[in-house]
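Which chain is which? The protein sequence lines are A and B, in order.
Counted from 1, the first sequence has number 28 at position 28 by the working numbering; the numbering is strictly sequential.
Counted from 1, the second sequence has number 55 at position 55 by the working numbering; the numbering is strictly sequential.
If you're looking for bench data, these hints aren't it; they were derived computationally from the structure.
Among the hints, erroneous ones may be present.
Claimed, not checked - Here are the simulated DSSO-like pairs of lysine-lysine, each with C-alpha atoms no more than 30 Å apart in a straight line:
1. B:LYS68 - B:LYS141
2. A:LYS141 - B:LYS68
3. A:LYS69 - A:LYS50
4. B:LYS68 - B:LYS12
5. B:LYS8 - B:LYS69
6. A:LYS50 - A:LYS12
7. A:LYS68 - B:LYS141
8. A:LYS141 - B:LYS69
9. B:LYS8 - B:LYS50
10. A:LYS68 - A:LYS141
11. B:LYS141 - A:LYS69
12. B:LYS50 - B:LYS12
Stated by the list, open to error - Anything over 12 Å on all C-beta distances counts as not near chain B; from chain A, calculated:
13. LEU72
14. ARG106
15. TYR138
16. PRO140
Quantities reported herein were computed from a predicted structural model and do not represent experimental measurements.
Glycine included, C-beta positions come from ideal geometry on N, C-alpha and C.
Number of protein chains: 2
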Amino acid sequence: MLLQDVLKELRKAGIRLTPQRQEVLQALFDGLQGECQPQSAEEILQVVRKRYPGVSPDTVYRTLGTFKKLGLVREVNFRDGCRRFELALQGGHHHHLVCLRCGRSRELPFCPADCLVRVQEYCPDFEIEDHAFTVFGYCPKCREESRDVFRETVEV
Amino acid sequence: MLLQDVLKELRKAGIRLTPQRQEVLQALFDGLQGECQPQSAEEILQVVRKRYPGVSPDTVYRTLGTFKKLGLVREVNFRDGCRRFELALQGGHHHHLVCLRCGRSRELPFCPADCLVRVQEYCPDFEIEDHAFTVFGYCPKCREESRDVFRETVEV
DNA sequence: ACGGAATTAGGAATAATTCCTATCTAGGAG
DNA sequence: CTCCTAGATAGGAATTATTCCTAATTCCGT
Chain A
1 MLLQDVLKEL
11 RKAGIRLTPQ
21 RQEVLQALFD
31 GLQGECQPQS
41 AEEILQVVRK
51 RYPGVSPDTV
61 YRTLGTFKKL
71 GLVREVNFRD
81 GCRRFELALQ
91 GGHHHHLVCL
101 RCGRSRELPF
111 CPADCLVRVQ
121 EYCPDFEIED
131 HAFTVFGYCP
141 KCREESRDVF
151 RETVEV
Chain B
1 MLLQDVLKEL
11 RKAGIRLTPQ
21 RQEVLQALFD
31 GLQGECQPQS
41 AEEILQVVRK
51 RYPGVSPDTV
61 YRTLGTFKKL
71 GLVREVNFRD
81 GCRRFELALQ
91 GGHHHHLVCL
101 RCGRSRELPF
111 CPADCLVRVQ
121 EYCPDFEIED
131 HAFTVFGYCP
141 KCREESRDVF
151 RETVEV
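Turn these sequences into a full structure, and let the hints steer you where they fit.
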């Protein structure tokens with residue numbers, strides 16, 4: 001799905017298409033390129049401000065909230081002190097493998113769908129809205145680096 | 001496992017047992033009773049201050065960090081603006097079903113263990129430290145209440 | 001082009017978390 | 001039991017993320 005299609009859907013949903021919202025959306029699309037890396041509100045704000053310097057944090061947060069309600073954006077938590085956001089396009093459902101040292105993440109193409117089914121059986125009256133499966137640890141690069149630091153410490 | 005056993009283990013691990021740390025531990029144990037409800041640092045602080053009024057937030061955070069490193073405490077995120085903590089006793093591994101309205105959680109006895117195996121196969125050089133499986137939505141009680149609100153709105 | 005409801009900027013307020021440093025203390029050594 | 005010191009704490013300030021408030025602006029249907 002492309003930016004144009006999303007804009008069309010938003011218009012259809014009666015969402016006012018302000019330039020600020022379009023820029024937030026653009027930033028989210030940019031984040032989709034290359035390695036998957038959900039962005040913090042602050043990061044998105046910086047991107048948006050390149051074109052609209054006056055944009056306020058409030059606007060970014062409000063826009064992300066609006067998009068989240070529409071199911072267009074998902075929130076994830078990487079345990080790095082802020083919320084992160086990414087596009088939730090249909091067919092792109094995934095989870096994350098997060099490095100606790102460098103904060104970078106890798107997309108996981110697995111989903112514990114069977115668990116979700118069991119959860120719904122376990123609590124039939126609970127209305128499931130979203131779920132998170134996130135694996136935390138240390139990426140190969142950071143493991144290597146901390147090994148180096150350890151060596152230096154010992155040798156000195 | 002009881003508080004006494006944990007204290008013994010901490011001593012064995014060379015962790016200084018200050019009264020503040022013991023109170024934090026006690027608060028975490030209290031949180032284990034009844035419905036599982038991971039606590040925020042603020043909530044733990046309030047409990048600890050009942051006995052030690054002068055305790056600082058810093059101490060609670062530092063203590064929780066120490067316990068986390070030891071694997072005694074797990075951090076969870078309920079999307080309510082703060083980190084939450086709970087004891088991670090052996091055999092008690094579980095996940096959470098969280099209501100986005102009232103913030104209460106229910107313990108899930110399922111774990112996507114098979115997914116973890118697949119993750120490790122997918123990224124053999126990644127050192128897995130922890131994982132989170134959390135289901136978000138609306139509990140029966142909150143669904144009922146929002147239905148009431150809707151009715152009122154319509155009828156007036 | 002016009003009007004009204006929705007949206008925004010800007011700045012202040014709030015809340016969570018961490019930092020700093022002088023002081024204190026747990027627990028091992030004697 | 002007392003002494004010593006590495007490690008821990010209090011207290012308050014600083015930082016960071018997020019939300020609130022309100023007057024001014026703007027999208028978009030008519």
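These are the hints, each one checked on the structure:
| no. | hint | result |
| --- | --- | --- |
| 1 | B:LYS68 - B:LYS141 | 33 Å, violated |
| 2 | A:LYS141 - B:LYS68 | 23 Å, holds |
| 3 | A:LYS69 - A:LYS50 | 26 Å, holds |
| 4 | B:LYS68 - B:LYS12 | 16 Å, holds |
| 5 | B:LYS8 - B:LYS69 | 17 Å, holds |
| 6 | A:LYS50 - A:LYS12 | 28 Å, holds |
| 7 | A:LYS68 - B:LYS141 | 23 Å, holds |
| 8 | A:LYS141 - B:LYS69 | 21 Å, holds |
| 9 | B:LYS8 - B:LYS50 | 24 Å, holds |
| 10 | A:LYS68 - A:LYS141 | 33 Å, violated |
| 11 | B:LYS141 - A:LYS69 | 21 Å, holds |
| 12 | B:LYS50 - B:LYS12 | 28 Å, holds |
| 13 | LEU72 | 17 Å, holds |
| 14 | ARG106 | 7 Å, violated |
| 15 | TYR138 | 4 Å, violated |
| 16 | PRO140 | 4 Å, violated |
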